[in-house]
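Once you've looked at the hints, dock chains G, E and P against the given chain D.
Number of protein chains: 4
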Amino acid sequence: MKKSRLEAFSDGVLAIIITIMVLEIKVPHGEQFSDLKGLIPVFLSYALSFLYIGIYWNNHHHMVSTVHQVTGKILWANLHLLFWLSLVPFATGWIGENHFSAAPLSLYGCVLLMAGIAYVILQSMIIKSQGKNSMLKKAIGKDLKGKISPVLYIAAIALSWLNPVIAGLIYVIAALIWLIPDRRIERQVSQNEEAVTQNDV
Amino acid sequence: MKKSRLEAFSDGVLAIIITIMVLEIKVPHGEQFSDLKGLIPVFLSYALSFLYIGIYWNNHHHMVSTVHQVTGKILWANLHLLFWLSLVPFATGWIGENHFSAAPLSLYGCVLLMAGIAYVILQSMIIKSQGKNSMLKKAIGKDLKGKISPVLYIAAIALSWLNPVIAGLIYVIAALIWLIPDRRIERQVSQNEEAVTQNDV
Amino acid sequence: MKKSRLEAFSDGVLAIIITIMVLEIKVPHGEQFSDLKGLIPVFLSYALSFLYIGIYWNNHHHMVSTVHQVTGKILWANLHLLFWLSLVPFATGWIGENHFSAAPLSLYGCVLLMAGIAYVILQSMIIKSQGKNSMLKKAIGKDLKGKISPVLYIAAIALSWLNPVIAGLIYVIAALIWLIPDRRIERQVSQNEEAVTQNDV
Amino acid sequence: MKKSRLEAFSDGVLAIIITIMVLEIKVPHGEQFSDLKGLIPVFLSYALSFLYIGIYWNNHHHMVSTVHQVTGKILWANLHLLFWLSLVPFATGWIGENHFSAAPLSLYGCVLLMAGIAYVILQSMIIKSQGKNSMLKKAIGKDLKGKISPVLYIAAIALSWLNPVIAGLIYVIAALIWLIPDRRIERQVSQNEEAVTQNDV
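Residue numbers (numbering that gives the first Met the number 0), protein chains in the order written: chain D, 0 to 200; chain G, 0 to 200; chain E, 0 to 200; chain P, 0 to 200.
Excised from the complex, chain D in its bound form:
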C-alpha cells in the first residue's frame, strides 16, 4: 500500500470539504451591502471551519509523513477521520443559518470532538505500526495540545447552552492553539535524518 495514494485521496477529500462549505454562503437576492448583513454569521462560521480544516490538513500531513507502511487499520482510521470532518460543512451551515444559537454551536463541538477522537485513533494506529521506536511517538511527546483540545470542545458544548458567545470564543481559541504547526514532528523527523546521516558516516 503506497502512502502517496492515501495522501492524494485525503488531500482531495479535505480540499473538497474546505471548498464546498462556501456553497452554504447563499448569494442574496438584494443588491445592497445591507443584504449581506444576514450572512455575517455564515461568513464567520465559514472562516472558523476553514481554519479548522486547514489545521487538520496541516497536522495530517505532518503525521502521515512519518508513516512507512500503510496498513489496513491506518487506512480505515484515516477514512473514519475524514468521515467526521466531512460533517463539518453541515455543522457550519447550521451555525450560520441560526446565528450562533445553542444547539448548532454544541453540535459543532460534537463534530469537532469526534474528529479529534478519530485523529487520536489514527495517531495511535500509526504509532502501533511503527513499533517500539516509533518516530511519531517521540515526536508528539506529551501531546499537550491533543489533550487540551477535547477538554475545550466539551467545555464549549456545555457552555453553548449558557453563553453562546463564550462557547464560540472557545472554538476560536481551540483553533488558535493549533495554528502553530506541529513543529515537534518536524523536529523529530529532521533529528532522525541527522541520526541516519551520522550513522552513514
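Everything labelled a hint here was simulated from the structure, so no lab data went into it.
Don't take every hint at face value.
[To be verified] The list that follows gives simulated cross-link-like pairs (lysine to aspartate or glutamate, EDC-like), each with its CA atoms no further than 20 Å apart: (1) P:Lys25 / D:Asp142; (2) P:Lys25 / E:Glu30; (3) G:Lys25 / D:Glu96; (4) E:Lys25 / P:Glu30; (5) D:Lys36 / D:Glu96; (6) D:Lys25 / G:Asp142; (7) G:Lys25 / E:Asp142.
Same frame as chain D, but now just chains G, E and P:
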C-alpha cells in the same frame, strides 16, 4: 498509458463522490436538536454510502496496484465503474428523503449491483491484460466476497418490498464483509516481490 | 513548467465536472419508482455527458503525454478547453430539465463544438511547440475523427429544431466514434520509443 | 514538508473553486433561448472569474516552483490566499444575480484585493525563506504588475458606485495584464539552472 494518472483521476472522482453526498444533508431552518430528527435517515444512509465508497476506493487501490499496462479496455471499464458509483449519492439522497421506504431501498441495491458488476468487469479486464500468470487472478483466488455480494444485493432488492429493515441490514452486512481489505492481493503482491528478489539472487 | 501539475489540475477539473453533473439529478420527493419517470431524460443526458467528459479525459491524457515542455500558450489553451467543458454540466442540466427540446439540444451542440475547437487549438499549440518532427502531428495523421466531429455537432445543432430525436442520436454517434481511444498516438509513442531504443543500440 | 503536497492541495482547492462557480449558473425552467437572456451577466461574470482563478493557478505554480523548503509560515500564507480565492464564487454569483450593480461589483473588487494582498504576503514569505539570494526576489524584479493590480482594484471598487460599466472593464483589464504568464520567474529559473550547470563544468 501511465497508471498514475488513472489512479489520480479515480481518486479525484471517488473523493468528490464521497464528499458531495454530504450536500444532501440539508441544513434545517430550526435551531433545536429536535429539528435534526428528520435528518437521521439521511445521516444513516450517508454513513453507509461513505463506507461503501471507502471500500471501493480501498479495493480499487489494491486491484490497480497490480496493473502494469493500462489498456484502453481497462480505462473504459474503470470509467464504467465510476459511472455507477457516481449514482450512489443520488440513490443515497432518495433513501434519506423517504426514510428507507421500499423503492429507494431497492434502487440503492440496483446501483450497488451495477457497480459490483462493473467492478468484476474491470477485474477481468485487468486479469486478461496480465496473461496466463496474472498476479491479480492468483490474488483473488475463489473470490468468495465478490460472489456473495451480488447475491446479497439481489436479496436486499427483493426484500425491500417486504421488509425494508431487513433489506437495510443486508446492505450493512454486505458492506461489513468488505471492511476487511483485500489482503489476498496484498499477500500475493508481497509474495511476488519476494519471488522476484529470490530470482535476482 | 512541469507537465505533471498541468495534468493534475486538468484531472481535478475534469473529475469535478464529471461528478457535479450528478447534482442535477435532483432527488424526487415521492417514494415510488414512478416518481423517477421524470428523471429519465436527466439520467440519459447525464450518461451521455459522462461519456463525453470521459472521452475528453482519455484523449487529453494521450495528447498531453506527448508534451515535453509546457509553454504559456499550451497552458492557456488548456484552460480554454477546460472552460468550455465546464459548461457541459449546465447544458446537460438544461436538456434534462426540458426533456430534449430544441433549444437545449442545440446549446449542447454549441458547447461541444466550442470544446472541440478548443481541443484543436490546444492540439496545434502542442504541435507547434514540438517543431518539425512533432510526434503528435505524426500521431494524429489526417485526424479523421477530429474533422468529422464538428460536422456532426453542426448537423445536430441544426437538426435540433427539426427533429430532436435525430439530433440526440447524432450526439450519441459522435461520442461512440471517439470511444475507441486514440491508438494512433499510442502507436506513435511506442514507435518512437522503439526508434530511440534502436538508436541506442 | 514536501512541496508536492502543498501543490496538490492548492491544485485541488483551485480546481474545485473554478468548477463550482458553474453551479451558480442555474438551469432555467423555460426551453427557449430567450430564457437564457437573464443568465448573460451570470455567464460573463463566470468567464471573468474563471480567468482570474486560472491566472492565480498559473502564477501560483510559477511562484511555488521556486520554493525549496515549505515552512509553516509559507503553508499558512498559502491557506490564507486560498481562503480569499474561495470567496470568488460567492462574489461572482452576487454580481451575476444582480446584473453588475454597484455593491456586488465593489465586493468583487474587495475579494480580489484581499486575494492580491494574500498573494503578496505569500510571495514575501517565500522570499524571506530563501534568504539573501532569493531566486524569486530576482525573478519578480520591480513587480510592476503586482503593484498596478491593487491600484486597479481600488479604482474599480470606487468606480462601481459611479459607473459600473467602467468598473467592470477595469476588472477585465486587470485580468488581461496578468494573462501573460510570469515569464520573469521562468527566465530566472532557467538562468539559475544554466548557472548551476556552468558551475558543474
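List, from low to high, the hint numbers that the structure doesn't satisfy.
1, 2, 6, 7
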